[in-house]
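Chemist: Chain residues, written in single-letter form:
Number of protein chains: 2
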Amino acid sequence: MRRILSLAAMCVFALGVWAQETVAVNTGNLVSPEVKNQTVTFRLWAPNAKEVCVEADFFEKQRQQTPLGEMEVAGRIPMQKDANGVWSYTTSMPNPELHTYCYYVDGMRMLDPNNVYMLRDIATYTNYFLVDGDLSQNYLVREVPHGTVAKVWYPSPTLGMERRRMTVYTPAGYEDSKESYPVLYLLHGAGGDENAWSELGRAVQILDNLIAQGKAKPMIVVMPNGNGAQEAVPGEYPNSMYKPSFMNSKTMEGSFEKAFPDIMNFVESHYRTVNDKAHRAIAGLSMGGFHSLYISANYPDKFGYVGLFSAAINRQAKGENASIYENLEDKLAAQFAEAPNLYFIAIGNGDFLYQDNVKYRQLLDKHGYKYEYMETDGGHEWRNWRKYLNHLLPELFK
Amino acid sequence: MRRILSLAAMCVFALGVWAQETVAVNTGNLVSPEVKNQTVTFRLWAPNAKEVCVEADFFEKQRQQTPLGEMEVAGRIPMQKDANGVWSYTTSMPNPELHTYCYYVDGMRMLDPNNVYMLRDIATYTNYFLVDGDLSQNYLVREVPHGTVAKVWYPSPTLGMERRRMTVYTPAGYEDSKESYPVLYLLHGAGGDENAWSELGRAVQILDNLIAQGKAKPMIVVMPNGNGAQEAVPGEYPNSMYKPSFMNSKTMEGSFEKAFPDIMNFVESHYRTVNDKAHRAIAGLSMGGFHSLYISANYPDKFGYVGLFSAAINRQAKGENASIYENLEDKLAAQFAEAPNLYFIAIGNGDFLYQDNVKYRQLLDKHGYKYEYMETDGGHEWRNWRKYLNHLLPELFK
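Same order as they appear, the protein sequences are chains A and B. If you use numbering that gives the first Met the number 0, the first sequence corresponds to residues 0 to 397, in order. If you use numbering that gives the first Met the number 0, the second sequence corresponds to residues 0 to 397, in order.
FYI, nobody ran anything at the bench for these hints, they're computed from the structure. Please note that the accuracy of each hint is not assured.
The list cannot tell twin chains apart, which means a pair is met if one copy fits it or any two copies do.
[As the list claims (entries may be wrong)] With a cut-off of at most 25 Å between alpha-carbon atoms, the simulated DSS-like pairs for lysine-lysine come out as follows: (1) LYS358 - LYS177; (2) LYS301 - LYS330; (3) LYS35 - LYS242; (4) LYS242 - LYS80; (5) LYS216 - LYS276; (6) LYS49 - LYS60; (7) LYS249 - LYS177; (8) LYS80 - LYS49; (9) LYS276 - LYS397; (10) LYS369 - LYS216; (11) LYS242 - LYS214; (12) LYS216 - LYS249; (13) LYS358 - LYS330.
Please model the complete structure; the sequences and the hints are all you need to start from.
Modeler: In structure tokens, the structure reads:
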């Protein structure tokens with residue numbers, strides 16, 4: 000009896016706490032997604048819905064008409080409803096990856112209320128789950144020492160901004176050591192921000208795991224906000240609670256590249272860094288690959304390692320900072336006169352930027368500039384960028 | 000023509016990037032919530048829904064039957080559908096606060112897909128928006144210097160755990176100074192974790208603003224995970240991608256309190272802290288208030304400032320660490336023999352823990368132990384805990 004009473008008291012206490020601002024969750028105790036016995040089951044309680052579909056990144060792609068022509072989009076599969084109003088769909092286990100999915104209820108997109116794990120890509124949230132295996136082994140959190148992840152503000156006099164935000168990863172042991180560390184500057188794509196690599200990119204887990212395995216050198220990784228007119232991720236600076244957009248101002252018109260020394264100055268004066276070319280790397284995806292190309296070419300003595308992931312080559316806008324983009328061949332000549340230890344180019348064979356990258360490699364080939372090239376399946380997507388990071392890190396600072 | 004072409008190229012590029020894993024967002028360009036002209040409008044595209052309601056924390060509460068009796072729950076208001084399938088509801092501007100809301104579509108709870116700003120409370124996400132004004136002025140991000148927020152791992156030998164996670168706020172200027180700072184240990188409630196105060200509690204904004212105004216002393220704020228059996232927020236430690244629960248093990252049975260010196264040892268050996276009672280504060284909400292009470296009573300010479308926010312008094316479980324909770328009156332006698340500079344108790348008059356707090360104050364009164372008492376409207380909810388933090392910070396380390 001006493002046990003029952005105390006259980007009841009716990010329930011009241013529990014309800015009391017639940018009955019905060021986030022009251023009344025009527026999704027029941029569904030488990031979704033349920034990953035077991037080599038299957039994945041998605042579930043959603045929607046008793047009044049006429050049609051519920053699940054869309055997942057590992058379903059067979061579908062082609063769809065859009066105002067800009069036919070495009071490939073993620074596949075959707077109808078779910079089945081049971082007598083309790085729970086819709087479900089079970090599929091065999093997909094490949095080892097970080098997989099994303101969402102639901103469509105009578106045509107309306109929604110998240111899975113039973114899965115708190117979600118990622119924001121620009122203005123869209125999507126649920127995710129991880130399947131463990133060879134490819135994804137470094138994406139999962141493991142029993143290894145973890146680095147510190149900090150949201151740090153720095154001034155950018157070049158941009159006339161008192162405050163800009165970066166995510167800084169310092170490896171496990173940094174705080175207890177007196178050593179200096181090499182630095183990787185890791186840049187996001189258009190529409191992204193200083194949270195992109197640590198969230199969508201699983202950079203923290205990949206770094207923790209590769210460093211713990213002895214495959215990557217302990218390093219500081221700096222992930223700055225790459226939008227020249229934006230202090231930080233929306234929501235983190237004054238009057239910024241708008242819907243994030245792919246179209247930000249001052250993105251590929253030279254501001255960020257020109258102001259990049261502000262970032263390096265801050266990092267090298269606030270962290271224990273080794274301040275030479277052999278201990279500095281710069282890499283980025285899409286717009287960040289474009290930034291990495293031009294920053295490393297404009298500061299040819301700074302970066303011993305350069306990584307271009309699905310780089311948005313030749314996408315610059317014209318404007319007052321055009322000099323950043325001019326005379327690229329001369330700049331590359333200077334950069335490759337003392338060639339970087341590694342110049343790494345990676346892209347998916349389905350990427351809409353594929354041909355631009357072919358042309359860029361032809362330019363490098365014409366001059367005999369050495370680079371490492373990695374071509375994967377797939378397009379302009381995070382699963383590729385995680386793969387490229389996981390591949391690149393062990394090659395840095397050797 | 001050139002302009003049109005380049006716009007089209009941008010769209011293709013945009014679509015290319017959008018067509019990542021989070022494809023196909025058909026919510027259109029709705030703005031929701033739209034806060035203007037002293038009104039708030041909520042919108043949702045749901046052409047096939049029969050009934051859509053919005054639930055918001057500032058609507059009149061409703062009473063509802065539950066298995067545990069009648070309870071007060073947030074009010075829901077039906078929305079109206081237009082010819083385009085967009086449901087909307089406009090209301091006059093609520094009071095200055097952080098306001099939360101969600102939708103119910105044919106009875107199914109869902110988030111607003113047009114609002115990327117959301118908060119997780121245990122296993123439930125809710126959208127939010129901020130209304131600026133007197134009460135909320137410190138909840139908004141302002142043009143002021145911002146502190147650094149870091150996710151840091153520390154060992155807890157007492158718990159036999161190699162890794163546990165804490166959120167650490169260091170005030171603006173910390174990195175460029177050689178000074179030592181006072182420390183506030185700020186503890187979360189049951190079901191919470193080391194992210195609760197910085198997210199739901201707006202602690203970062205409140206600290207930045209009060210420090211910038213000269214109203215609070217620059218301080219280090221340590222927000223540890225208070226669940227004795229949990230390394231970190233679910234998702235951040237191995238095999239932890241389960242649904243977060245209110246019911247965690249090792250919460251109010253003495254483990255956390257007993258192991259608290261591990262946290263202090265780590266903080267005082269890794270940050271520039273002033274290591275005396277006059278420069279140490281401990282405060283927490285609900286379970287964290289309970290922890291603050293017993294930690295400060297068991298280590299009576301450590302904390303010059305104690306804050307109990309809606310404290311879950313007398314909720315301890317019995318077990319091997321019961322000594323933490325025994326002989327409280329003797330411990331309080333030792334603690335108040337050299338009374339803390341401030342012992343602060345705050346609670347809402349509708350809180351289900353109200354009577355327990357009345358009894359605890361009677362105990363303090365009986366012995367003539369001085370404390371400051373703050374009673375507000377409302378219950379066991381974040382809007383109160385933000386208010387208490389905002390009130391307490393200026394009183395610390397004076």
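Chemist: State for each hint whether it applies.
Modeler: Verification of the hints:
Neither within a single protomer nor between protomers do LYS358 and LYS177 lie at most 25 Å apart by alpha-carbon distance, with minima of 45 Å and 52 Å respectively. Taking the closest pair of Cα atoms, LYS301 and LYS330 come within 25 Å of each other only inside a single copy of the chain (13 Å); across copies the shortest separation is 61 Å, beyond that limit. For the identical chains of this complex, LYS35 and LYS242 are inter-copy neighbours only, at 16 Å across copies versus 37 Å inside a copy, given an alpha-carbon limit of 25 Å. Taking the closest pair of Cα atoms, LYS242 and LYS80 come within 25 Å of each other only across two copies (23 Å); inside a single copy the shortest separation is 34 Å, beyond that limit.
Proximity of LYS216 and LYS276 under a CA criterion of 25 Å is satisfied intra-copy only: 16 Å inside one chain copy versus 41 Å between copies. Taking the shortest alpha-carbon separations for LYS49 and LYS60, only the intra-copy value of 24 Å comes in at or below 25 Å, while the best inter-copy value is 31 Å. In this homomeric assembly, LYS249 and LYS177 never come within 25 Å of each other (Cα to Cα): the closest approach is 38 Å inside a single copy and 36 Å across copies. Proximity of LYS80 to LYS49 under the C-alpha cut-off of 25 Å is found in both arrangements, the shortest distances being 9 Å within a copy and 19 Å between copies.
Taking the shortest alpha-carbon separations for LYS276 and LYS397, only the intra-copy value of 13 Å comes in at or below 25 Å, while the best inter-copy value is 48 Å. Taking the shortest Cα distances, LYS369 and LYS216 sit within 25 Å of each other inside one copy (23 Å), while across copies they are farther apart (55 Å). For a Cα distance limit of 25 Å, the shortest separation of LYS242 from LYS214 qualifies neither inside one copy, at 39 Å, nor across copies, at 33 Å. In this assembly of identical chains, LYS216 and LYS249 lie within 25 Å of each other by CA distance neither inside one copy nor across copies; the values are 34 Å within and 37 Å between.
In this assembly of identical chains, the alpha carbons of LYS358 and LYS330 lie at most 25 Å apart only when taken from the same copy (17 Å versus 76 Å across copies).
Hints 1, 7, 11, 12, counting from the list given before, are not met by this structure.
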